[in-house]
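Visitor: Spelled out, the chains give:
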Amino acid sequence: MIFEQLKEEVHKCIKCGLCMNACPVYKQLYFEGASPRGKVQLIRKVLEAQLEPSEHFRDLLFTCLLCENCSVNCPSGLKVDRLMKAMRAELEQKLGLGWQKRMVFHLLRSSRLLPFAMFWGRIFGPTLLSFFAKEGKVGTIPYDRIPRINPVPLIKQYSETILPDKRKIGRVVYFTGCATNYLFENVGHSAIAVLRRLGVEVILPKGQMCCGLPIFLSGARKMALDNIRHNLQILDVEKVDAVVVDCATCGAALKKEYIHILEEMGEDTEAAKAVAEKVLDISQYLLRFDLAKYLGPVRNRVTYHDPCHLIRSQAVKAEPRSLLKLIPGLEFIEMAGADTCCGGGGTFQWEHPEVASGITNNKIRAIEETQASVVASGCPGCRLQICGNLESESIGVAHPVELLAKSMNLVIARRKLR
Amino acid sequence: MLRPEVLQEFMSIVGSDRCKTAKEDLLTYAYDAYICEFLPDAVLFPKSREEVSEIMQTASANDVFVTPRGAGSGLGGAALAKRGGVVLCFTMMNRILEISPANRYAIVEPGVVIAEFQKEVETLGLFYPPDPGSAAVATMGGAVAMNAGGMRGVKYGVTRDYLLGLEIVLPTGAVMKTGTVTTKDVTGYDLTRLICGSEGTLAVVTKITVRLLPKPRTKRTLQAVYDAIDQAGTTVSKIIESGIVPATLELMDKTIIKALEDSAHLGLPRDAEAVLLMDVDGDPETVEKQAATVAGFCREQGAREVRVSASEKENERLWAARRSAFGAVARMRPNCLIEDATVPVSYLTSAIKRVIEIAERNNVLIAVLAHAGDGNLHPLILCDRRDNEEMQRVEKSMDEIVDYALSVGGTLSGEHGIGISKSKYLSKQLSQTSLDVMRGVKKLFDPRGILNPGSFLEDREL
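Read top to bottom, the protein sequences are chains A and B. In terms of my numbering, the first sequence opens at residue 1 and continues consecutively. In terms of my numbering, the second sequence opens at residue 419 and continues consecutively.
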């Protein structure tokens, strides 16, 4: 049953409607059921036993990016996103998950199956993707825009302890997340190379698993519990400055979601709180160093997209921008609505391609208006979504740390930046 | 209940996507920003005048109640299907049809969101002043139906003052135009202004023509903090007497100041009794002079602290307090009722004091915001609607506030409308003759009584 303290949230909604203006999904669909206010109403009705948790209710509840913009803009301070996440968990227990999600989540929670699947996925990727695809697209993203799986998972390419290039002045645990490990290895190489150059020893726990966020945000909390416990255990490393994360989503999970979920499930939250305190987005950690002296010019124009899981889940807004602005020669241009969701929302863009397209198109337009040649963003989900929908081949998407590595003249790119 | 064949007819007009009948969907159209709920039988989302006309024809032929609705941000239940039937929701009919800088007018569909429209015209150096607190969500159609006001009322007036013409659909389905696009128009009765503020009881609006102003070249914000509410009150009178017309003139009382400091830490003194926030706008030279004069008034009246902004950015910083006020207060209790009784501006201070006294005597938590420049009070009544006993005290307080406003020549509602929240007070302000005339007008427009039934004109208990 929904956590007692969250139940009170539904009564705090004064139906002012200010969330509707903040909701990218409502602004595509223009009916209440798609808005946060509407969903809070329905959750209240379910909690008051005036509404059966139906399939239609579930559809409406999942017509949401979980971008958290409603929570940020609610004058009553309602934790709308937590309420919706908790209700999703409720629904998963009552109505179960679809087979496709079940299949993917089983992979994500298994430390053996996932590498296995990724190995064969590199070879049979397109065939596998066809299970999920319509008309050459997975959701809104064309097949050929989905990056190929890393030939060798990033973690396998390094030893568990990576020594710095020079005298050690820092030590971190690096949580790569699945995306960097299996899809965007260049982000990982860049992060490691930058850290080493600065004199940071990097601990790369071999046993790290998927953070579990895609699983538990779909409602399957029990299924994600092993991932959560396991990660908390392996991230508990003595004498480190920080647990560094290069993925906005993994960061949100480690910094915030784990605690919420464990708390709401009545589990012990000690370990989660201890880890959360140490978690830093890589942009936050890097700013502790005097970076300027390492940086060489990069002639480019860059704009920055705020991932929901960074700006709202973790309140990281200034740091990635500061990093980019430090790079000499790199012209930084703020895009309109940088903090608006890109429309990806994990499985959202696959479940609601039309709605996602509308939202993504707005984002792409804002990017194009800046006339930047690179969009920086610290989230693999946003990267997939933006990259998959950019018309122009001349605009690339990169993690800020990749640009930083470039500026440090660390030649590590094994594949084209995109 | 809607007969299946009638529903079928509605569905064939708008298509099944834009006709919602599932319980889940209906529940999300049972509310607005007031605290009552009424379940409609169906929600229709028209996208054109033709669709609206066909819907009204079908509704008329089958005696189906129709309640027009915009974003549902109203504060009095005006857009709720109080007797069931269909909700006609305009959020999907939301195009800006024309902006004419040469003639300074714009034509929009009713579902256009006010703030988005304002942003659009401002890119052309134009200005649409009415800005109700809900402008970020509320629709132009809703603003017309409710004659929405807002913070700029003191200088720029309300929605009604900007209407040039309307396209409306009568309950029979007949389409009619009112007004023109010219600022001057004395041809026949002014039906445009009759429809405005009629709360969706006479006709359904499908097109709105509004007058635009040139955008003021500059704006300065002033903030003054007072130890006594009287000092703030006399400052307001001084400003108004002086002939300076500020673009906004907002007051926040001590409850709001405390709540703001608890939640947002904006650096306001916690023991202050009142804060005034003012904008002066216009040409840079005039604005400069006026800002200095107004600041002088504030100090003369004993303001302990006066800040005058030096830039757009600082304007925003000073406004942060007022913008956060509603949220800061709203989170003190589960529900927040926003009163809007309005008094002649010279009674402002006494009215605020009376509201505070009423709150204390009835043991009800009330924070007072006010559009001080036009005497429009916004007592925010904080409560929990699940507590019946508390709600009785709330109602008693509201009765007393209304009585006071009327006793000094004010009005029941300055800008939120009557809806169902204030319908029981209507006869306190309007004479029987006045009510009879209004009902006669209603009868003429809507002889079968299908538009927004249960609205303010019906004195029956719901």
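Incorrect hints may appear among the rest.
[As the list claims (entries may be wrong)] Here are the computed lysine-lysine pairs in the DSBU-like style, where the Cα-Cα straight-line distance is at most 35 Å:
id	chain 1	residue 1	chain 2	residue 2
1	A	Lys134	B	Lys441
2	A	Lys27	B	Lys633
3	B	Lys441	A	Lys222
4	B	Lys814	A	Lys317
5	B	Lys814	A	Lys134
6	B	Lys842	A	Lys317
7	A	Lys325	B	Lys637
8	B	Lys731	A	Lys293
9	B	Lys672	A	Lys317
10	B	Lys633	A	Lys79
11	A	Lys168	B	Lys842
12	A	Lys317	B	Lys537
13	A	Lys79	B	Lys672
14	B	Lys814	A	Lys27
15	B	Lys633	A	Lys7
16	A	Lys7	B	Lys814
17	A	Lys27	B	Lys656
18	B	Lys731	A	Lys256
Hints in this document: simulated from the structure, not taken from any laboratory.
Visitor: Which hints from the list above does the structure break, by number from lowest to highest?
Guide: 4, 5, 6, 10, 11, 14, 15, 17
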